[in-house]
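Colleague: Working from the sequences, and respecting the hints, build out all of it.
Residue numbers (our numbering): 15 to 204.
Honestly, I wouldn't trust all of these hints.
Taking lysine-lysine and the BS3-like style, the derived pairs with C-alpha atoms no more than 25 Å apart in a straight line are [unchecked claim]:
| hint | residue 1 | residue 2 |
| --- | --- | --- |
| 1 | Lys175 | Lys120 |
| 2 | Lys156 | Lys120 |
| 3 | Lys102 | Lys156 |
| 4 | Lys156 | Lys101 |
| 5 | Lys101 | Lys170 |
| 6 | Lys179 | Lys120 |
Rather than coming from a laboratory, the hints here were simulated on the basis of the structure.
It should be emphasised that the depicted structure is a prediction, and the values quoted were computed from it without experimental measurement.
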Amino acid sequence: MRSAFYIALLGVILCTIALVVRSGMLMRKNPGEPINAAMRRALAGVAYQWPEADAARLAQRFPGAIETPNGARYIVTQAGTGAATPKKGQGVAIHYTARFLANDEKIDASADHGGPYNFVIGQPNILPGWTDALDRMQVGEKRLVALPYWLAYGEKGQRGKIPGKAALLLEIELVAINPAPVAPASPGGS
Numbered sequence: 015m016r017s018a019f020y021i022a023l024l025g026v027i028l029c030t031i032a033l034v035v036r037s038g039m040l041m042r043k044n045p046g047e048p049i050n051a052a053m054r055r056a057l058a059g060v061a062y063q064w065p066e067a068d069a070a071r072l073a074q075r076f077p078g079a080i081e082t083p084n085g086a087r088y089i090v091t092q093a094g095t096g097a098a099t100p101k102k103g104q105g106v107a108i109h110y111t112a113r114f115l116a117n118d119e120k121i122d123a124s125a126d127h128g129g130p131y132n133f134v135i136g137q138p139n140i141l142p143g144w145t146d147a148l149d150r151m152q153v154g155e156k157r158l159v160a161l162p163y164w165l166a167y168g169e170k171g172q173r174g175k176i177p178g179k180a181a182l183l184l185e186i187e188l189v190a191i192n193p194a195p196v197a198p199a200s201p202g203g204s
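Modeller: The following block contains the structure:
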């Protein structure tokens, strides 16, 4: 029984040494600092900022845009009806057209897929910007939404379709709020 205890203890010690060595903790200037750059930024409280070129385009094209706490900007182009607004976890149906902010090149549209795009707000396979874009939106309302890269496809983009750090311009119409969640999907049918 004693030998099993010593073998288990030796295993724990070796695993601990392996984890410390593998993480490079002893080789870093500050061993308490996280390795992942995104985690470092998040822990430091560094806020994302629009790149200068995108900020200039926004100032020129959308001077009266409302900014969300996460950095998206929008203009209401048509008022909606009713008091209900979508909440996280609810299904919604929207019409949308997505373009690059830099050159207005069309990326995708719900009309290209035969009708409204249905999804659940806040699902992991949905762009984080959709939640910001639909915040406090009423059925029938139309918005022009500028999504910064961190709320769209991020720093890496989407291989072959969306370059890294690409800001998007979305034309959105909220068609319906579905009380029962719908099966989540992703724009473009992928």
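Colleague: Hint by hint, say whether it matches the structure.
Modeller: Now the hints, each set against the structure:
1. Lys175 <-> Lys120: holds, 11 Å
2. Lys156 <-> Lys120: Answer holds: Lys156 to Lys120 is near 18 Å, not above 25 Å.
3. Lys102 <-> Lys156: holds, 19 Å
4. Lys156 <-> Lys101: Holds, because 17 Å separates the two Cα atoms, which is no more than 25 Å.
5. Lys101 <-> Lys170: Given pair Lys101, Lys170 is violated - Cα atoms ~29 Å apart, limit 25 Å.
6. Lys179 <-> Lys120: holds, 17 Å
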